[in-house]
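Number of protein chains: 2
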Amino acid sequence: MRNLLLLSTSTVHGSSFLEYCLSEVEKHFSGLSEILFIPYARPGGISHSDYTEIVEKALARINIEVVGIHELDDIRKEIGEFKGIYIGGGNTFLLIQSLYSNGLIPIIRDMVVNKGVRYMGSSAGTNVACSTINNTNDMPIVHPPSFDALKLIPFNINPHYLDPVVGSKHMGETRETRIKEFHFQSAIPVLGLREGSWLKIEGEKIALGGGLPARLFERNKDAREILDSDELNYLLKARQN
Amino acid sequence: MRNLLLLSTSTVHGSSFLEYCLSEVEKHFSGLSEILFIPYARPGGISHSDYTEIVEKALARINIEVVGIHELDDIRKEIGEFKGIYIGGGNTFLLIQSLYSNGLIPIIRDMVVNKGVRYMGSSAGTNVACSTINNTNDMPIVHPPSFDALKLIPFNINPHYLDPVVGSKHMGETRETRIKEFHFQSAIPVLGLREGSWLKIEGEKIALGGGLPARLFERNKDAREILDSDELNYLLKARQN
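Chains as they are written, first to last, in numbering that gives the first Met the number 0: chain E, 0 to 240; chain C, 0 to 240.
These aren't lab readings, by the way, just hints derived from the structure by calculation. It is possible that some hints are incorrect.
Identical chains share a label here; the pair holds if one copy fits it or two copies do between them.
[Unchecked claim] Straight-line alpha carbon distances no greater than 27 Å define the calculated BS3-like cross-link-like pairs of lysine-lysine that follow:
1. K179 <-> K168
2. K56 <-> K168
3. K199 <-> K168
4. K179 <-> K236
Build out the structure end to end from the sequences listed, making use of the hints.
Shown next, in the form of C-alpha cells:
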C-alpha cells in the first residue's frame, strides 16, 4: 500500500528546515531508524553532501538517521535496503534528469507502489512524485529526456501555490493562468498546494494537512478551493497522462 | 547584418498591446508594409487567429499589415517572402516545440543572420531569439525535443525580470537564485530584462532601451546592474553553449 507525505515546501518563513511539519514527518517514518535522502535537486547549487547534512540535522531531532544516495557505492543495488525515501526540493529539472541518468525512475516507483516503502517529498521532490513535472515552478536549467515523473499518484501538484497578487502591475502570467495554459495541452488534474500544506496519501485515501485550503484545477472546469480532504480521493483514480 | 528588437514584455501595466514601445517598433520595421507574426506561444491558450488579430490591431496604428504564419499554405516555402518577423509571447515551451515541429529553427535563423530579415520578439519571443530557452519563467506544459533556441544572439535573456520582493514570506526561489542555479550547469551569460525594457541589436552593437537598468548574470561573477548599453556589446562575442 502506497504511503506518501508530499510537502509543498520544506521550510516555512521564520522556522528551520522541516520544523513546521516535524511531528507529521515523525508519524510518517515511525518505526524507521534510518531513511535514504536524495539531494539531486541541489537548491541554490548546494553540494549533495552539504544538502544531506541539513537534512541529517533536521531529522536527528526525531531520531532518524539519514543516508545520502551519493554515499552509496552501488546505488541501484543498495537502494533496495531502505524502507523510507525522502527527495528534497531545489530544481525539478535537475532532479528528474538525475533520476533518469541513474536509472532510478522504475526502481523507486516499484519500491513505493509495490513494496510499501514510505516516500516523502518536498517542493521539487513533490513534483517528481506526480504524474509529470509539467507543473513545476522551476527554471528549466537542464533538458531532461522526459517530463514523465515517478507516477506515484496519477495527478500533478503545483507546490508553493501562489494566489494572484491583488493590484500587481507585473505582467508575467499568474500561477492560475499558467495552469490553465497546461490544460489546453493535457487532461491531468493539478492541485495547487500552498506553502505550509501537505498531502498524506495512504492507499486510496488522501488527507490534506496544514490547515489551509488547496486549489484544484481540472480541464474544462472552474478552479475550486478544497477544504475537505475527502473530496480529493477520486483523484487517485485519474488516468495517467 | 542582424537587426533585432527584443522586448521584455508586449504590454506594460495600464496600456494596450505594444503601446508603450510603438515608436520603437515603428523605427524597427520602417519601410516595411507587412510582417509575419508567429502566434505559437498562445498566451492563456488563445487561438492563433485571435492572437494574430490583437497584433493586427496594434500594428495598424503604424500602418503595418500582419500575416499570421498559420494562414500560409506552405509555411517553409512562403516564409522566405517576409522581410520582418515578430514572435509574440505566451508559453516558451509550446512556442519552441511548435518551431521545431514545423522545421522553422534553421530557416528563421538563416533569414535573420544571413539575409537581414528584421526580427522582433516579446517575452517568450525574446527567449527563443537567445542561445537556449533555459532562462524562461514559463511552466513546462509540453516537452520540446531540445532547449536550444534560434541563437540569434549568443547569450540568454530572462524577460519580466523581477527583483526579490523585500519582506516576502514566500519560500519559492527568487529569480536571482534561479539564474544562479543555472550557472552551476552552464556558462551562458543571462541578462535580466525588466518589464518596459528592450534590447535593440544591430550588427555588433547592443542598445538597452526603456530607461531602466538591466541585471547581468555571468558565471563566477557577481551579478551587476547595467545602465550603459556599451557595456553589453562584448556579450555578442560570447561562446554559444
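Structure-based check of all given hints:
In this assembly of identical chains, the alpha carbons of K179 and K168 lie at most 27 Å apart whether taken from the same copy (21 Å) or from different copies (26 Å). With identical chains, the CA atoms of K56 and K168 are at most 27 Å apart between copies only, with a shortest distance of 23 Å across copies and 41 Å within one. Proximity of K199 to K168 under the C-alpha cut-off of 27 Å is restricted to the inter-copy arrangement: shortest distance 24 Å between copies versus 37 Å within a copy. For the identical chains of this complex, K179 and K236 are intra-copy neighbours only, at 21 Å inside a copy versus 39 Å across copies, given an alpha-carbon limit of 27 Å.
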